[in-house]
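Below, each chain spelled out in residue letters.
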Amino acid sequence: MWQITMITNQNSSQPTPLPLNKGNAQNQVNQPNKKSKRKKKYTPHGLSGFPNLIMNILFGTFSIMCIFPFLYVIVISLTDEKTLARNGYQLLPEIWSFEAYRYLWQMKDQLLQSYTITIVVTVLGTLVSVIMISLYAYAISRKQFKYRGFFTFIAFFTMLFSGGLVPFYIVATQFLHLRNSIWALILPLAMNAFYILIMRTFFQRSVPESILESARIDGASELRIFVKIVVPLSLPGLATIALFSTLGYWNDWFNALLFIDESHLVPLQSMLMKIENNIEFLRQNSLAGGIQNDLLSAVPQDAAKMAMVVISTLPIAIAYPFFQKYFVNGLTIGGVKE
Amino acid sequence: MNRIKSFFQDVYKNRVWLLMVLPGTIWLLLFSYLPMFGTVIAFKNFRYDPNGFFASILNSEWVGFENFKFLFNTNDAWIITRNTVLYNLVFIVVGLVLAVFVAIVLNELANKRLSKIYQTGMLFPHFLSWVVVSYFVFTFLSVDRGLLNNILLWFGVEDPISWYNEAKYWPFIIVLTSMWKGVGYGSIVYLAAIVGIDKNYYEAAMIDGANKWQQIRNITIPMITPLIVILTILNVGRIFSADFGLFFQVPRDSGPLYSVTNVIDTYVYRGITTMGDISMSTAAGLYQSIVGFALVMLTNYLVQKVDKEYALF
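First to last, the sequence lines map onto chains A and B.
The opening residue of the first sequence carries number 1 in our numbering; numbering runs sequentially from there.
The opening residue of the second sequence carries number 1 in our numbering; numbering runs sequentially from there.
Heads up, a few of these hints could be off.
What the hints assert, rightly or not - Distance ranges between label pairs, derived from CB positions: (1) A/Ser221 x B/Trp78: 29 to 39 Å; (2) A/Ile311 x B/Val90: 29 to 39 Å; (3) B/Val90 x A/Tyr326: 23 to 33 Å.
In short, the hints are calculated from the structure, not lab data.
Only a predicted model underlies this, so the values are computations on that prediction, with no experimental measurement involved.
For glycine and all other residues, C-beta sits at the position ideal for the given N, C-alpha and C.
Build out the structure end to end from the sequences listed, making use of the hints.
Have a look at this one:
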């Protein structure tokens with residue numbers, strides 16, 4: 001997709017024929033620069049003049065609005081608590097302060113614990129789900145597998161019908177005893193029929209039967225073929241599933257909400273949900289300890305909450321520019337249908 | 001006898017493949033099919049049994065359709081169904097218009113580098129969890145400190161609006177939040193389709209003197225119509241399930257807002273946590289699953305009528 005947008009780069013309504021950026025430079029290679037008239041023939045897309053300006057303003061504004069809340073939260077987290085109490089959440093606070101982060105540093109044991117849980121769950125979960133999904137999807141993508149129709153159906157059917165939350169909850173707690181276990185955060189997200197079908201299509205398209213056939217003639221076992229040939233050939237697809245799954249695990253709070261109440265197992269997102277109670281809890285404790293009232297109000301409640309939002313979102317925000325491209329490409333790697 | 005023998009021979013022949021699907025199959029059995037079996041709770045008066053899951057289900061007393069009768073006699077059943085369906089309808093219509101609009105404009109913008117930057121910006125909210133988004137919304141809507149009330153004050157509105165207690169604003173807030181988070185993501189598939197349209201159509205149209213608007217209306221939109229149809233019908237099939245995070249996190253579980261923020265999913269969740277009525281929650285969940293299933297089948301049938309190529313199965 002990005003390649004194609006590169007090609008449409010010719011649309012630029014800039015009158016200058018000079019190569020301004022890489023995209024234009026490529027055009028120069030593709031089509032020798034003859035006449036501007038001829039060039040125009042090759043530029044089907046591209047708004048001109050006023051409509052282009054309006055759309056740029058509109059889209060620029062909306063893009064900023066999409067990023068704005070995150071920046072706003074960063075600003076709030078760096079605002080002095082008394083200033084917050086007096087002026088509310090300002091875009092440019094009167095008094096800046098790192099107090100909130102210092103305060104979170106005091107809670108660092110719990111925070112680091114939550115960070116560790118989230119990272120462990122994300123890494124382990126992604127690993128488990130990529131292995132399970134790819135093995136399953138590969139088997140049902142091969143014509144040699146006699147029961148592939150049946151196994152495709154039992155995966156597909158879960159997309160159409162589900163038992164609902166309550167039976168799932170009862171099975172997980174009463175039958176599998178997942179309550180307050182780290183597996184409660186990993187297993188429920190490990191499989192996903194949608195990803196299985198995407199991967200199946202991907203395997204069908206990207207792994208030619210002829211290569212597998214010659215490997216079989218050479219006497220390689222199916223598992224060996226899978227590891228040595230199929231996996232290297234399917235890395236883009238596997239990376240996509242891994243990315244989807246990593247994001248799913250990192251952002252998950254629902255399973256923690258259902259299954260986790262021991263504080264040493266609480267992941268980051270869920271910690272964020274509970275931070276209000278946690279800060280309130282600390283306040284109550286200091287109240288019982290007979291600490292002065294003005295000291296109490298010095299606890300940077302709001303700023304600390306926002307600082308917490310910042311430190312749990314920062315990894316995603318930093319990694320985002322790097323994985324965005326793969327995400328976009330991944331979404332279009334293959335339809336669900338054969 | 002021979003049949004059994006040949007079956008086992010087949011299983012043996014396929015043993016490698018069966019081994020590959022084994023972990024996934026176990027998962028599906030435990031996390032999908034066992035809960036499906038567990039929906040019988042909806043027809044029982046559920047009681048926890050210390051002997052575990054199966055004992056709990058088997059030893060609970062049959063009550064037939066009592067739970068459903070009870071559910072549909074409450075006002076809640078109507079409210080959660082209405083909320084779920086109406087919000088989803090609005091999401092489908094507004095989401096579609098916005099996504100197609102964004103995709104077309106991103107493709108038509110003169111400066112492709114800017115276009116990419118816009119896409120990067122718009123896709124960002126998709127990667128945030130609903131917990132984080134709920135804090136974002138809170139920075140705008142907080143009664144005493146929020147940006148919105150500050151702006152209103154600046155415009156001379158003296159009485160701060162207690163956003164989290166006023167149900168009337170929430171349909172807009174919910175739709176706005178959902179669109180803010182989803183537009184960038186929603187436009188990706190359409191953009192990919194638009195970029196894939198053969199350039200020759202546009203060149204021919206330009207030679208014939210068609211302007212931009214005519215090109216969009218007569219080439220771009222007809223070319224992506226099949227995709228619009230299939231995605232919309234799929235969404236209609238999911239009209240009975242709501243995004244739990246949106247309706248649970250963003251309104252901060254505020255009681256006064258339940259009339260406009262309670263959907264089937266949040267109702268079922270609250271059923272097991274606060275109300276503690278396991279059987280009725282199961283009944284509500286089963287109601288959702290069955291109607292959802294019927295809708296998917298119906299919509300798939302409709303897709304088949306429109307174009308067999310696009311039917312899901």
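Inset, instruction - Go ahead and decide if the range 29 to 39 Å is satisfied by the Cβ distance of A/Ser221 to B/Trp78. - result: violated (59 Å)
Legend entry - Cβ distance range 23 to 33 Å for B/Val90 and A/Tyr326, holds or violated: Given about 32 Å between the Cβ atoms, the range holds.
Inset, instruction - Could you tell me whether the CB distance from A/Ile311 to B/Val90 stays inside 29 to 39 Å? - result: holds (35 Å)
Hint 1 from the earlier list is the only one contradicted by this structure; the remaining hints agree with it.
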